[in-house]
Amino acid sequence: MTEEPRISTEPRAASFVCDLLTRSYREVWLPYCKRHRQGLSQAAVATVLSKHLWETGQASELDIALPRRLKDRVSRALSGRSLPPTMLQLIIEAFGISDAEARTAWSLLLDEDPDPSVALPPAVPLTGRVSPRSAAAYQTVSAHDFHRLGPDGRPVEHRTVQVIRAHAPVANLQCRFDGDVTAVQVLRGGSAADMTPSGIPDLHAVDITLTEPLQPGETASLEYQVLFAHEHPPKPLVRRVSRNEAKNVTVHVAFHPRCRPRRLEWCRWSADRLGSGPLSAEPVTPNADGEAHRYLGAISGEGVGFRWEW
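Here the sequence shown stands for residues 3 to 312, where the numbers follow the working numbering.
Source of the hints: derived by calculation from the structure; they are not laboratory data.
Do not rely on the hints blindly, as some may be mistaken.
What the hints assert, rightly or not - Here are the simulated PhoX-like pairs of lysine-lysine, each with C-alpha atoms no more than 20 Å apart in a straight line:
#1 36 / 73
#2 53 / 36
#3 53 / 73
Claimed, not checked - Listed next, with one range per pair, are the computed distances between beta-carbon atoms:
#4 283 / 223: 27 to 37 Å
#5 296 / 18: 32 to 42 Å
#6 33 / 77: 17 to 27 Å
#7 158 / 33: 46 to 56 Å
#8 227 / 296: 12 to 22 Å
#9 274 / 195: 19 to 29 Å
#10 225 / 66: 36 to 46 Å
#11 35 / 227: 47 to 57 Å
#12 284 / 67: 52 to 62 Å
#13 59 / 285: 36 to 46 Å
#14 36 / 250: 44 to 54 Å
#15 274 / 312: 20 to 30 Å
All C-beta atoms, glycine included, are put in the ideal place defined by N, C-alpha and C.
Based on the sequences and whatever the hints tell you, model everything.
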């Protein structure tokens, strides 16, 4: 018995992306057209992608021939002849395509129903020279943050265990941290680059390269710890921030017996206003060992964690 050939998903995804660029995101590429035109300009799209690669440090600004080289890839992608996940991700990031539209594009390319649990980058590209990331291609299945403080009230350990599931090929991911973080040491599952600005106030970022790249449907388990500088007294809080949905989130804080907080609260912050006060604050009583934890089935567009007063 013969098997019917599988219909390629790339033309469907390409058609959807072309419609987005022609209608909703026309003002992004139109300034780069050399002459007025009605249809989508592949050269202008290639210029937008090149500017994004230059601005994020993914390509040298001295590579002035980049738009010309990208034009052929753009032509193949928008025609549906070749739209690999890496090109779709680049278009999403460079044009700042919205979460909902990006989910639809990914679902068309991957031939699956739109999944709101797929982690996606913000609708507006982050400013600053941020390292390459592949957040649109994976979902956080679980994340457990363990934060321990010493007798002087300063953090002595912050360790995270995170499991991700790929929805497209993934080789690295970006993690963000607030506070006086100087480095991230990966204990299992990959290797970390140097800290970089995240483009979001009060947050730093680090790229973690996975030990083994993931294919769609595969999972990876990572464990990493954060190293602090604390040139100034640290903020009395620990939290996990996720602009997109992260599942099975646990935040655990442990205080030293000689330095217990006078007041401890479980709080929620807006992911867009981390420097402001929390949206909600609930009093919490540590257990006999001076520890407290909270588990949430999922978070999205927010920061959650503990803050305290001495």
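Right, here's what the structure says about each hint:
1. 36 / 73: Holds - the C-alpha atoms of residue 73 and residue 36 are around 15 Å apart, at most 20 Å.
2. 53 / 36: holds, 16 Å
3. 53 / 73: Distance ~13 Å between residue 53 and residue 73 Cα, so the pair holds.
4. 283 / 223: 27 to 37 Å: holds, 32 Å
5. 296 / 18: 32 to 42 Å: holds, 39 Å
6. 33 / 77: 17 to 27 Å: Since the Cβ atoms of residue 33 and residue 77 sit about 20 Å apart, the hinted range of 17 to 27 Å holds.
7. 158 / 33: 46 to 56 Å: holds, 52 Å
8. 227 / 296: 12 to 22 Å: holds, 21 Å
9. 274 / 195: 19 to 29 Å: holds, 26 Å
10. 225 / 66: 36 to 46 Å: Check passed, 43 Å falls within 36 to 46 Å.
11. 35 / 227: 47 to 57 Å: holds, 49 Å
12. 284 / 67: 52 to 62 Å: holds, 57 Å
13. 59 / 285: 36 to 46 Å: holds, 44 Å
14. 36 / 250: 44 to 54 Å: This hint holds: roughly 51 Å between Cβ atoms.
15. 274 / 312: 20 to 30 Å: holds, 29 Å
Violated hints: none; the structure is consistent with every hint.
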